[in-house]
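J.: Take the sequences, apply the hints, and build the full model.
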Amino acid sequence: MKTAITLNVNGKEYPLEVKANEILLNVLRDRLGLMGTKYGCGIGECGDCTVLLDGKAILSCQSLAFTADGKKITTIEGLEHNGSLHPLQQAFIDEGAVQCGYCTPGMILSAKALLDTKPDPSDQEIKQAIRGNFCRCTGYTNIIRAIKTASEKIKDQGRKQT
Amino acid sequence: MKKEYSVVGTRIAGLDEKDKVLGNVIFADDFTLPGMLHGKVFRSTKASARIKRLDVSKAQELPGVVCVLSAEDVPNNESVKNVVGQTTEVGLLEAKHQVLARGRVRYWGEAIALVAAESLDIARDALKLIEVEYEELPAVFDPFEAMKPDAPKIHGNNNVIASWKLRKGDVEKGFAQADVVVENTYRTPRQEHAHIEPESGVAWVDDMGVINVRYAAQVIEHYRDIATVLGVPESRVRVIGTLIGGGFGGKEDVTVEVFLALMARKTGRPVKLTFTREEMGYARHKRHPYVLKYKTGATKEGKLVALEAQIVSDAGAYVYLSPWVLIYSTVHSTGPYLIPNVKVDANSVLTNNIMTSAFRGFGGMQVVAAYEAQMDDLAEKLGMDPLELRRKNFLKKGDVTASYQEITSEVWLEKCAQAALDALGQKSKGGKIKKVGRGLACAWQSYGRMTYLHDTSNCWVNLEMDGSAVVRTGIPDLGGGQRESVRAIAAEVLGLNIEEIHVISTDSQVTPLSGTVTATRALYMSGNATKLAAENVKKVITGKASEILSVAPEKLDLKDHTVYVVDDPKKRIPLVDAIKQCYFEGKIPQSLATFRAPFTEPISSDVIKDPVFPDFTFGAQAAEVEVDIETGEVKVLKWATAYDIGQAINVNRVEGQMEGGVAQGLGFGLMEDYLEVDGVPWTWNFHDYIIPTSKDVPDIKSIVLESGSGKGPFGAKGIGEPAISAAGPAAANAVKDAIGVRVTHLPVTAERIFFALR
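For the protein sequence lines, the chains are D and V, in the order given. Going by the numbering used here, the letters in the first sequence line up with residues 3 to 164, in that order. Going by the numbering used here, the letters in the second sequence line up with residues -3 to 754, in that order.
Hints were generated in silico from the structure; no laboratory data involved. Misleading hints may appear alongside valid ones.
Each computed BS3-like pair below joins lysine-lysine, with the alpha-carbon atoms no more than 25 Å apart [said to hold, decoys possible]:
no. : chain 1 : residue 1 : chain 2 : residue 2
1   : V       : K14       : D       : K157
2   : V       : K691      : D       : K150
3   : D       : K4        : D       : K74
4   : V       : K161      : V       : K144
5   : V       : K124      : V       : K48
6   : V       : K631      : D       : K150
7   : D       : K21       : V       : K124
8   : V       : K14       : D       : K155
9   : V       : K535      : V       : K567
10  : D       : K14       : V       : K14
11  : V       : K289      : V       : K299
12  : V       : K691      : D       : K120
13  : V       : K691      : D       : K58
14  : D       : K21       : D       : K74
15  : V       : K423      : V       : K377
16  : V       : K14       : D       : K150
Since the structure is predicted, the reported quantities are computational estimates derived from the model, not experimental observations.
T.: So this is what it looks like as structure tokens:
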């Protein structure tokens, strides 16, 4: 049994037929070719597969594709805007928060979900928001600093616009 | 005065990082080819058994299955060699590896058959149709049991596969001089690498008949192993390494590459194989669990006088790199201290547990847990400050170790230890239930491979007509920024911006071989090779420019895209003018350079009596923890890590290694253990194998010290492995300081603390 659904990914609509048991992670990677979202554990522990669903960070390895029908999905490929990096992406580069880069997409998306609802988070709030995104390379210190830097940059940009 | 460089020693936000934040990097599992099949591995569910019957016919008949391979389909099934590191008579050579189990399995998870199918679902279904009948055989899971004469033999006649010794002075006389003696037995965990990216790759046979394997490889030279197993010339196998999502030694031994090549060759179609997280657990080696019995004596003035130790490592069911890991343990077992009388006996023993092999620290790590606990406990008995005791005994430049190697670089242990302790700042306040403690650990760790392996690394650099440069070198990038480092070195020498250097890395048929990214050797070896090659290119340019400018070549240098006279910088020509003239005259500004580490003779006896390593990195870590004495729970409050890394190439990446080392080492010290019960894995995935998260790791203060005395490019030392080794012991010492009781079994978990207090 297949269901016809429409996935809205990074602002683009993809009409698809999916089986009831198809995992969102696999649909994004294998059918839409969006390889930025990663498999890390398959049981919702490591956070590599994090994407945003209507702005909320979710684990795409634990989500059935049909449940995302009609909802807005953001993957790492959707963060760059008109050729310029999202402040989080830039801050991750500048603060040395990227090493192997495998956890980076999920980490940045969890951070984005945080900053979108809480523009000025404390260190504790940042740690809480990324606690489900494992990184084996960095020790997290630079990641937390990058998220802080990005939050300040976003606030500055907001001030300039208003 | 420290030398100033224009690129080297700065914070470099590299080009690779940009691709990583965009999600653009094509990691091993992100790569697909038209008509690609999906592979799966059928594995043993017995730790020790004879395979009475193996029937793959039903799997073969499943629609969509393209091939099922078992041992008889592998041309040279027993050919993946084990490491022969020992020249003495231990049962090493009998312990052969097998690609697919033939007749006998020796650990839970051992590969028996391969399936390639049109989809992953079909491949998975096919595994369920493979029939196997076992006859269970006697097994042994404890290395001490396995050393007994009547123990079941894993291979051949002897489960002890390596024995190394240190002999210096006379320990009996040494202990007779001692005023205090500390004696303890320590245990360290079977740690899982838990790199976030699984082992993965894609293989295909190209239109020249070459077997291509594109995978996450720490060692692209494994193309030789693939060729041997398949019985084809080495020139017909090509390994294309990817940017790696973390390795830590987990992608050092053979993982997916031989399986992939077998399936691609058999089917003639591209095949992908990616391990599941569970498979990463039970099918790939771990860090060796160690038992370390240490007896250390000191005078009341705080001089170490004797060390006697017995070290036993659990090698698991196959040899892999265990003998080498044990050499590291033996050499590093004294710690970075000068001890006049030393007697160390180390053994590595086969069992029916999962095999153990390379993991960041490589045997230099487990011994720190013992020697640094001993130092703290000695200091306590002497009523001496822990740093003061260490200070009285630190090795110095020019000292000779207990393995008879002279230390030829600076030893800044005192500076590192003091800097780390200072960085912790004011001590946090504890309470009646929540006790606060501080721990220090100092360590040494070699960088570069063992010198009797005659290590070399190659690099080819050339300048293009437009003034940009290409660096070709086999160096894999594990995520440590290895590729960015060689880019920075070439930019420094050639006076270019890093954007103008293109690095082609990790392709065994395109890039000159530069050896493994293991043993903290990449910067040391490939960095030196890149520097040599770039300097040769520079000589071609300055030679030509000297003719144009009528100035001796040694008076010229390259900077900001010009060749200029050092004493008269206004006298200059554009770099591209010199390059074009070189090309015009057929003198191509290019160089293929080889860097050779110091070579020594093979170790000639089981007592280590000669230099084994090129050099050592020294450093210290300090931790502050809060322990709840009612529950045993540990909260890490503060952390500082300080290393003399000689010269930073990219400060961001040095700190990255140091901080990552803390987190992974904190896991080793406080949290992680890959559990097996009678050889059956118990910690299958991240829900029960717990690694540090953002909530477990404190804000880490990294202190980068630069003595400039290393053997790497610009005086650099290595940092990849040194960064981890002192972390766990620092945490363990902090717990001891908090609760007053020594937990000798790492990880120091809440449960162990709870029982130690009662």
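J.: Flag every earlier hint the structure violates by its number, smallest first.
T.: The structure breaks none of the hints.
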